[in-house]
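Those protein sequences? They're chains A and B, same order as listed. Using my numbering, count along the first sequence one by one with no gaps and you end on 277. Using my numbering, count along the second sequence one by one with no gaps and you end on 363.
Everything labelled a hint here was simulated from the structure, so no lab data went into it. In this text, all values refer to a predicted model and were calculated from it rather than measured experimentally. Take these hints with a grain of salt, some might be off.
[As the list claims (entries may be wrong)] Pairs of lysine-lysine residues, derived as DSSO-like cross-links and limited to a Cα-Cα distance of at most 30 angstroms, are as follows:
#	chain 1	residue 1	chain 2	residue 2
1	B	Lys-122	B	Lys-107
2	A	Lys-153	B	Lys-106
3	B	Lys-114	B	Lys-69
4	A	Lys-92	A	Lys-178
5	B	Lys-69	A	Lys-153
6	A	Lys-178	B	Lys-122
7	B	Lys-106	B	Lys-116
8	B	Lys-69	B	Lys-106
9	B	Lys-291	B	Lys-68
10	B	Lys-107	A	Lys-178
11	B	Lys-211	B	Lys-244
12	A	Lys-153	A	Lys-56
13	A	Lys-128	A	Lys-153
14	B	Lys-211	B	Lys-272
15	B	Lys-107	B	Lys-68
16	B	Lys-272	B	Lys-324
17	A	Lys-92	A	Lys-7
18	B	Lys-272	B	Lys-325
19	B	Lys-327	B	Lys-23
20	A	Lys-92	B	Lys-114
21	A	Lys-178	B	Lys-106
22	B	Lys-69	A	Lys-91
23	B	Lys-289	A	Lys-178
24	B	Lys-13	A	Lys-91
25	A	Lys-7	A	Lys-91
26	B	Lys-110	B	Lys-69
27	A	Lys-178	B	Lys-211
28	B	Lys-114	A	Lys-178
29	A	Lys-91	B	Lys-110
30	B	Lys-68	B	Lys-122
31	B	Lys-23	B	Lys-291
32	B	Lys-68	B	Lys-23
33	B	Lys-23	A	Lys-92
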Amino acid sequence: MGQKKFKWSNLYLIFVFIVLYLPILYLIFYSFNEGGTMNSFTGFTWEYYQAVFADKRLISIVLNTLLVALLSSLLATIIGTLGAIGIHYVKKRQTRNTLMSFNNVLMVSPDVIIGASFLIMFTFVGFKLGFASVLLSHIAFSIPIVVLMVLPKLQEMNPSMITAARDLGANNLQVLSKIILPSITPGILAGYFMAFTYSLDDFAVTFFVTGNGFSTLSVEIYSRARQGVSLEINALSAIMFLFALILVVGYYFIQQYNMTKKQKSRERERAKVVDLL
Amino acid sequence: MTGNAIIEFNHVKKQYDDNVILKDIDLEIERGKFYTLLGPSGCGKTTILNLVAGFTEATEGTITLNGKKVNDIPPNQRTVNTVFQDYALFPHMNVFENVAFGLRIKKMNKNVIKEKVAEVLKMVQLSGYEERGISEMSGGQRQRVAIARALVNEPDVLLLDEPLSALDLKLRTDMQYELRELQQRLGITFIFVTHDQEEALAMSDIIFVMKEGEIVQSGTPVDIYDEPINRYVADFIGESNIVKGTMIQDYEVSFVGHTFECVDAGMRPNEKVEVVLRPEDLVLTSVEKGKLTVQVDTQLFRGVHYEIIGYDRDGNEWMVHSTKKAKVGSEVGLYFEPEDIHVMRFGESEQEFDARLESYEEE
Ligand SMILES: Nc1ncnc2c1ncn2[C@@H]1O[C@H](COP(=O)(O)OP(=O)(O)OP(=O)(O)O)[C@@H](O)[C@H]1O
Ligand SMILES: [Mg+2]
């Protein structure tokens with residue numbers, strides 16, 4: 001009976017994953033289609049991949065997108081982490097809750113509204129639309145994400161640790177760099193990656209604040225798709241999917257490596273203790 | 001200001017908003033001794049430590065450390081270190097880094113740090129555990145890491161806030177010995193906080209008994225045990241039989257309908273007093289030989305001794321610790337020496353108490 005149940009749950013999992021991955025696989029499959037449409041597969045070709053790599057404009061847009069994502073998530077992580085620490089150490093409970101609510105409102109408000117309001121603001125102050133405006137707005141919508149990832153780590157932290165550090169002679173800066181930051185590193189990293197992916201695949205906000213000369217991948221794909229889908233986009237998607245896969249696998253191996261390193265040092269030290277006895 | 005005082009509190013008061021936590025604390029801590037703050041939960045023990053370490057500021061009064069007023073000096077500039085109630089170790093560092101923290105802050109030479117950490121870990125019997133994570137240490141080991149982390153900075157005063165309360169009985173007793181031994185070897189002043197009276201009696205040179213933000217009595221364990229100032233202290237420190245009595249004249253007290261010779265003096269004739277007799281000072285004997293007669297009500301075997309509860313004719317309860325058995329329901333006599341009687345006046349302050357004791361002990 002138990003075994004049968006187990007199988008059912010497996011089947012369910014497989015089904016869910018098929019539903020999730022099928023569209024992507026479908027897309028990748030047709031990126032190799034000689035026929036040029038997604039209706040019937042007529043023969044295998046690398047043609048669209050060659051086209052992608054030959055398309056200077058597309059390559060530069062990919063690089064732009066990555067640059068914006070890297071920079072914006074980095075800056076947002078710095079600002080957001082400091083902000084979270086600031087919010088956490090606000091003494092008055094009511095002020096703290098208000099600040100957190102402001103943060104959460106930004107999280108849940110629709111991208112379209114954020115994008116439109118940024119556009120209004122930039123045109124109002126006469127800011128030239130382009131790389132800088134995209135970067136600024138990406139930083140802005142990433143900060144609440146970072147704050148949201150970092151705050152719980154701060155709350156989990158034992159406050160007497162900070163008292164202890166001060167007792168041992170640390171000043172405020174040393175408490176921050178040696179105690180607080182290391183304790184919340186997992187939250188900071190998670191916030192950074194979240195901000196990075198949000199920035200990479202943001203469409204709505206970017207769409208409002210890009211000028212003529214500057215575009216990101218999502219906006220570019222959107223405008224190309226409106227002129228009729230070329231399989232070049234399929235090829236590009238396949239490459240990006242592969243890239244994401246490599247990232248995930250890489251991350252997995254880094255983690256694995258860290259774990260074995262820890263285990264090894266533990267074994268070494270256990271051997272030492274045994275020697276002592 | 002005596003030369004040997006390392007910490008002094010002068011009329012120190014502490015309040016949070018309108019809540020008075022410490023009322024007018026005066027105390028003096030001498031170099032190289034083991035002090036204990038003893039009192040029930042919430043009486044302000046941790047608050048006193050926080051004032052010494054600098055984690056909170058006194059509302060009124062002055063605190064001096066090494067003869068200098070330190071009211072406005074932040075904790076990182078005081079030569080005091082703390083072992084916290086929950087240890088407050090840094091989980092993202094291994095044992096070595098935890099212990100080395102204070103030295104690294106002081107930017108000491110790497111080799112010196114290595115040496116000092118090794119030395120202090122040896123002292124707390126944790127050699128070989130340098131690389132361990134904090135989560136991989138047992139409760140007793142963590143406590144020793146916390147002690148090592150504080151001691152390695154060679155503080156003038158080590159503050160310990162109930163460091164043993166999380167340990168089981170066996171480990172706790174072991175650690176009591178180790179701590180006491182460590183303190184005597186290093187000669188560092190310890191201020192130890194506990195609400196366990198046995199712990200306080202076993203470890204301290206001087207005990208401060210606290211009640212609701214005040215120090216009720218201070219003295220050596222023997223002083224406090226043998227001559228508690230009032231009912232509160234007598235009850236808090238050890239088991240005791242307390243009955244109402246009258247001081248007939250010097251060295252003569254009457255209670256439960258008889259008059260007994262005693263060693264207390266300096267009170268008004270016929271003053272109403274309370275009389276303390278410790279259960280282990282009462283000796284079971286025959287009714288004829290006894291100074292008191294009680295009827296045995298219950299008897300419990302406590303391992304080292306029997307704990308016998310009996311009632312006299314007036315209905316007063318008497319607890320006796322005896323290695324001999326008694327028969328439940330039988331009448332027995334209780335014998336005690338004049339020195340075993342301790343007389344307490346109502347509402348006497350510690351100064352008055354000390355002055356009175358001095359006045360007749362000098363004779
Ligand atoms: N930051 C604070 N704000 C307001 N009240 C406080 C604060 N810290 C302590 N108190 C109050 O001060 C009183 C004494 O606290 P303290 O921590 O000194 O007690 P304690 O004797 O150490 O007790 P325990 O044995 O339970 O640790 C308590 O009533 C507590 O509620
Ligand atoms: Mg406390």
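Pair hint Lys-107 of chain B and Lys-68 of chain B, alpha-carbon separation not exceeding 30 angstroms:
26 angstroms, holds
Could you grab the alpha-carbon distance between Lys-68 of chain B and Lys-23 of chain B and see if it respects the 30 angstroms cut-off?
22 angstroms, holds
Does Lys-211 of chain B pair with Lys-272 of chain B here, judged by a C-alpha cut-off of 30 angstroms?
24 angstroms, holds
Straight-line alpha-carbon gap Lys-291 of chain B to Lys-68 of chain B, limit 30 angstroms:
56 angstroms, violated
Does Lys-114 of chain B lie within 30 angstroms of Lys-92 of chain A when you go C-alpha to C-alpha?
43 angstroms, violated
Holds or violated: Lys-107 of chain B with Lys-178 of chain A, Cα cutoff 30 angstroms?
Between Lys-107 of chain B and Lys-178 of chain A the Cα gap is close to 14 angstroms, so the pair holds against 30 angstroms.
Compare the distance between the alpha carbons of Lys-114 of chain B and Lys-178 of chain A with 30 angstroms, and conclude whether the hinted pair is satisfied.
Satisfied, since the Cα-Cα distance of roughly 19 angstroms is no more than 30 angstroms.
If you draw a straight line from the CA of Lys-106 of chain B to the CA of Lys-116 of chain B, is it 30 angstroms or shorter?
Status holds; Cα separation ~13 angstroms.
Quickly compare the C-alpha distance for Lys-23 of chain B and Lys-92 of chain A to 30 angstroms and report which way the hint goes.
Holds. Lys-23 of chain B to Lys-92 of chain A sits at ~27 angstroms (cutoff 30 angstroms).
Between Lys-92 of chain A and Lys-7 of chain A, is the straight-line Cα distance small enough, at 30 angstroms or below?
Violated. Lys-92 of chain A to Lys-7 of chain A sits at ~53 angstroms, over the 30 angstroms cutoff.
For the pair supplied as a hint, Lys-92 of chain A and Lys-178 of chain A, confirm whether the alpha-carbon distance does not exceed 30 angstroms.
26 angstroms, holds
Restraint check for Lys-327 of chain B with Lys-23 of chain B, where alpha carbons must lie at most 30 angstroms apart:
Given that 30 angstroms is the threshold and the Cα spacing comes to 49 angstroms, the pair is violated.
Violated hints, in rising order: 3, 5, 9, 12, 13, 16, 17, 18, 19, 20, 23, 25, 26, 27, 29, 30 and 31; the structure is consistent with all others.
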